[in-house]
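Participant: What follows is the residue order along each chain.
There are 2 protein chains.
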Amino acid sequence: MKATIERATLLKSLSHVQSVVERRNTIPILSNVLIEAASNGCVKLMATDLDLQVVETLSAEVDTPGETTVSAHMLFEIVRKLPDGSQIQLSAADGKMLIVAGRSRFSLSTLPRDDFPVINESELPTHFALPTESLKQIIDKTRFAISVDETRYYLNGIFLHVLKNGEGVMKAAATDGHRLACVTVSCPAGAEDMPDVIIPRKCVVELRKLLDECEEEIKISLSASKICFDLGHAILTSKLIDGTFPDYTRVIPTANDKLLKVNPKALMQGVDRVATIASEKTRAVKMTIEPGKISLSVTSPENGMATEEVPGEYDADHLDIGFNARYLLDILGQIENDVAEIHLAESAAPTLIRDSDQSAALYVLMPMRV
Amino acid sequence: MKATIERATLLKSLSHVQSVVERRNTIPILSNVLIEAASNGCVKLMATDLDLQVVETLSAEVDTPGETTVSAHMLFEIVRKLPDGSQIQLSAADGKMLIVAGRSRFSLSTLPRDDFPVINESELPTHFALPTESLKQIIDKTRFAISVDETRYYLNGIFLHVLKNGEGVMKAAATDGHRLACVTVSCPAGAEDMPDVIIPRKCVVELRKLLDECEEEIKISLSASKICFDLGHAILTSKLIDGTFPDYTRVIPTANDKLLKVNPKALMQGVDRVATIASEKTRAVKMTIEPGKISLSVTSPENGMATEEVPGEYDADHLDIGFNARYLLDILGQIENDVAEIHLAESAAPTLIRDSDQSAALYVLMPMRV
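Listed in order, the protein sequences are those of chains A and B.
Counting along the first sequence from 1, when you hit position 329 you're at 330 in the numbering used here, and nothing is skipped either side.
Counting along the second sequence from 1, when you hit position 325 you're at 326 in the numbering used here, and nothing is skipped either side.
Okay, chain A solo, but in the shape it has when bound (with noise of 0.2 Å):
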């Protein structure tokens, strides 16, 4: 193998690769990117954790096609500190990789292709196009929910479903049981069928870093058990989740009568200063909710007291309530408009926020006693 390519561009398709890469592996070729040159002058770079894989195509002049595969974190390192615009010429012999730019030169150890473990793109049944913006506002408004408590699995990921209702909806959900997060969006041609699937985590996360710089449509396949992103100058392959996501539509109040309109920016900014007394444990913030008024506060027998009053609209009757101050701040910095719609019912009842009955986004909190 022998190939010229430019600092930039490799630096570009490396950084991608290189974070699928995890920083320590027991099995050394998965520390490795796969790098294959073809005669068209086409360079593919390939990484794996065997749960994701990522392939990104570059244009380079190639002198001698091959394929060969090298340290992803190392490789990464040296492109990163080479100087800008020089061109950078690797060729692989021998179990050795040459990397030559100006005055630089070095060699690393490689690994062969052959024991490259690699996803198999093909048997995805299901065909479908999003909109890059559509996929970008699934994750955006669902990730923070995404449960980090590995006992339940089944929670670690975004779970992208279709209403077989025929109505011709497609919805995104994530919760760790706490919080719920859900966006629906309109149901793309071919996707009517697709099976239920809960897409992981990391597979969101490195997903959505690419996405930044894609075109406007996304071209989805999966299967119940894969799903594969084609982003044009990228393609990544995940293995799905292998769980049952609970049945979320249940938690998801409809009766919630008591309506308060705030503006969301005033009231994060109140949340967050008087949960600066809570504990750092439970983080509970009380609501007092009455006509024209919302009062914050924070009792700690530790660190003192706290209390601020925001302007809201209100006309039901006088509720007392508590959040964790950290979630329902990350569900507030989701709300666009200037006014949030909070739904409640009770003390101790499930609160349904969102921006308007129009929104593509709900969010769903769980009180905490206080």
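Since the hints were derived computationally from the structure, they do not count as laboratory data.
All values reported here derive from a predicted model rather than from experimental measurement.
Just so you know, not all the hints are guaranteed correct.
Identical chains share a label here; the pair holds if one copy fits it or two copies do between them.
[Claimed, not checked] Cut-off 27 Å, straight-line C-alpha distance, at most; resulting in silico cross-link-like pairs (DSS-like, lysine-lysine):
hint, residue 1, residue 2
1, K165, K282
2, K82, K3
3, K294, K240
4, K294, K165
5, K262, K13
6, K97, K282
7, K3, K172
8, K240, K13
9, K259, K227
10, K13, K294
11, K13, K172
12, K137, K227
13, K287, K82
14, K287, K259
15, K210, K137
16, K165, K82
17, K227, K294
18, K203, K97
19, K13, K287
20, K82, K266
21, K210, K97
22, K45, K220
With chain A fixed as given, assemble chain B onto it according to the hints.
Facilitator: Showing chain B alone in chain A's frame:
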């Protein structure tokens, strides 16, 4: 106590004092800041870790003079989160301090002022003043070399002393046994007979933060056990390290007869690149120096090999020498000219690095076997 202070003023002072407060304290009052409001409109904030004490003075509208102590980090966080432009009212009574600004109210528990430990700033017989720029230079050029090895506590600071030979020279030095940094400034009036002192790292770090906002001159008072920096708006008092700094002048080579002149930036970039390959532990880079050429190389059994050439001016005998890349980069980063002078003797001998023979700072680096 009752006083009203503008948020920006209070925030700036609190950011200084709270950084002296350790995050974990076995003595509760050490987590607190002492607030003293005087009838002349002066508010003093004081914090200490028993070794280092900072006192900030700011102007306020004082209704009722008085004093109290509250959690420094808590007060800092509250003030930080209050809106810019707020007028913040502090009032203390009955074991509580009330903080009121706009619609926000906080009540923090206090501890009695009398329990607050104070480092006595009197009994410091030596008095002199240093230009702020000289003090910045002393710190900036030496602090990277301060040892972090707590078993060699006498190296955990900057050694400051005046040559007793009547040359009118003050010297500052820091070393960790692998590298040494030394700065020479002219001896200020009043410092001629000062005792040799070792200023602890934490004092150096906090002092440096404050210097950017300081006027032309810093008034320094010291004894053999304490040092006090009067910065105008703030007074920093620190205990000195009770130990003997080694006679570092003996390791500064005087007969290194091989002179290499090199662009420090070019050498840094080269060293940084080849060091990518070096094992995390040794970080060893080999320099092969010949007339007109420096070859940098690293060989690592696990990672591979790297070489790079850097142009340099040299007309002595061929020399192979190894350095810890991190240490060499630290020193080269201090060179301000376009040319660094590297004075070499042989592979196992200390190397002298400096801007020129006119420069106030010089560095000594011990080589490594490669």
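Participant: Next step is simple, just say for each hint if it's right about the structure.
Facilitator: Do the hints match the structure? See the list:
1. K165 - K282: neither (41 Å within a copy, 58 Å between copies)
2. K82 - K3: within (21 Å within a copy, 57 Å between copies)
3. K294 - K240: neither (49 Å within a copy, 53 Å between copies)
4. K294 - K165: neither (43 Å within a copy, 73 Å between copies)
5. K262 - K13: neither (44 Å within a copy, 36 Å between copies)
6. K97 - K282: Cα proximity of K97 and K282: across copies only (23 Å, versus 52 Å in one copy).
7. K3 - K172: neither (47 Å within a copy, 56 Å between copies)
8. K240 - K13: within (25 Å within a copy, 51 Å between copies)
9. K259 - K227: For K259 and K227, neither the intra-copy (43 Å) nor the inter-copy (65 Å) Cα distance is at most 27 Å.
10. K13 - K294: neither (51 Å within a copy, 33 Å between copies)
11. K13 - K172: Classified as neither; 32 Å inside a copy, 48 Å across copies.
12. K137 - K227: within (20 Å within a copy, 59 Å between copies)
13. K287 - K82: between (51 Å within a copy, 19 Å between copies)
14. K287 - K259: This pair counts as within: shortest intra-copy Cα distance 17 Å, inter-copy 73 Å.
15. K210 - K137: within (10 Å within a copy, 41 Å between copies)
16. K165 - K82: neither (52 Å within a copy, 47 Å between copies)
17. K227 - K294: Cα proximity of K227 and K294: none, with 50 Å in one copy and 55 Å across.
18. K203 - K97: This pair counts as neither: shortest intra-copy Cα distance 31 Å, inter-copy 47 Å.
19. K13 - K287: neither (47 Å within a copy, 31 Å between copies)
20. K82 - K266: between (41 Å within a copy, 13 Å between copies)
21. K210 - K97: neither (31 Å within a copy, 48 Å between copies)
22. K45 - K220: within (19 Å within a copy, 64 Å between copies)
Hint check: violations occur at hints 1, 3, 4, 5, 7, 9, 10, 11, 16, 17, 18, 19, 21; the rest are consistent with the structure.
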